[in-house]
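A.B. asks: Going line by line, the protein sequences match chains W and U. Once you know that position 73 of the first sequence is 73 in my numbering, the rest is easy, because the numbers rise by one and skip nothing. Once you know that position 93 of the second sequence is 93 in my numbering, the rest is easy, because the numbers rise by one and skip nothing.
It is worth saying that the hints were derived from the structure and are not from the lab. These numbers were taken from a predicted model, which means no experiment stands behind them. Since no wrong hints were added, every one of them can be taken at face value.
Keeping only pairs whose Cα atoms sit at most 30 angstroms apart, straight-line, the calculated DSSO-like set for lysine-lysine is:
hint, chain 1, residue 1, chain 2, residue 2
1, U, 15, W, 76
2, U, 24, W, 76
3, U, 9, W, 76
4, U, 232, U, 104
5, U, 232, U, 16
6, W, 76, U, 241
7, U, 164, W, 31
8, W, 76, U, 16
9, U, 105, U, 24
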Amino acid sequence: MSENNSTRQIWIVFWILLVLTAIEVLLGIFKPEFMLSNYIIGVTLLNMTFIVLTIIKAYYIVGAFMHLSHEVRLLKLFIVAPMCVLIPYLLFILLTEASFHGAIG
Amino acid sequence: MQTTEIQEKMWDGGKKPLIASYGKLMMWFFLMTDALTFSAFLGAYGFQRFVHADAWPIADEVFTHFPFVHGEYPMLFVALMTFILIMSSVTMVLAVHHGHRMNKKGVILWLGLTIVGGIIFLGSQAWEWSHFIHGTYEGALLGADGSIAHFVNGSVDEIMRHGKLISGQDALDFISSAKEITGANLINNEYGHPLFADFFFFITGFHGFHVFSGVVILIIIFINVLRGTYEKRGHYEMVEKVGLYWHFVDLVWVFVFTFFYLV
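Generate the whole structure from the sequences, applying the supplied hints.
C.D. replies: Okay, structure coming up:
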């Protein structure tokens, strides 16, 4: 990979992160009505958009800046797999319990 | 057949099956566990927010200030903080990039800018904390039952409590047993449920402490770069390792930004 090529890629990732953040901020300020009234699996379309955009940003930071996408496949698995299993598991339990807690007052 | 033989020998010792140095691997494993810690914090925040949904303040309405400007500008200051941290992540990548090419001057320039970015971020966070702690001019009423209410624009017998308008005798009863509070701390929070303030201080404080220790480590590495330690060693891997930590701090902020300020 030539010198200019790799610095250009760094700046491309920077612009992607910047644009995604700008979209999040604009949505956060204006909060379009249709995104608040539509739901995807119990979450408003607006919040779902925030979550998806955040995960895309995380992918670029970990993959490009932290260089994980250029590591050996097994190392990628060691780092990503525990998080992909444990975090959704924890959140599922906590948020399910929380809505139950709300139901009993 | 031959490939499996090679793979078995790969794990027999003396080789690096993950093609990464010990230090880098340990940094990765530390960051992975740290990510789990932060997800537990944000998960606990989500739990309490669901449980106290009616009394939970909306972050947009709490953090509306911008330095040197009067008026309400929700999101803008925190967006600026996010931009500063992303920017310092880019300068960090560039420092690592110049380290790979053994370009000492490049590393000094970009690592120096990363430190400046980190310090600006810490200053911004201190500013935001101070505003949150001091609160608004009007303050709020803390009812005997622990609920928070605000006077409706200038009136003395109409109050807004958890999104419901209360007036007349009910309001007077509430006011007579309530006490005035301003700002937020670990016990009271004029914006809503006290747990919101607790989580705000705890999560952004824990992240801010990561940024702070990141800046300290970066300064140590910066001094080593200046003294030519890595030039003599023949590689700038130390810059790469602290870079991993720094990007992780940025990554955590991306999630804090979403789940504290946006959702």
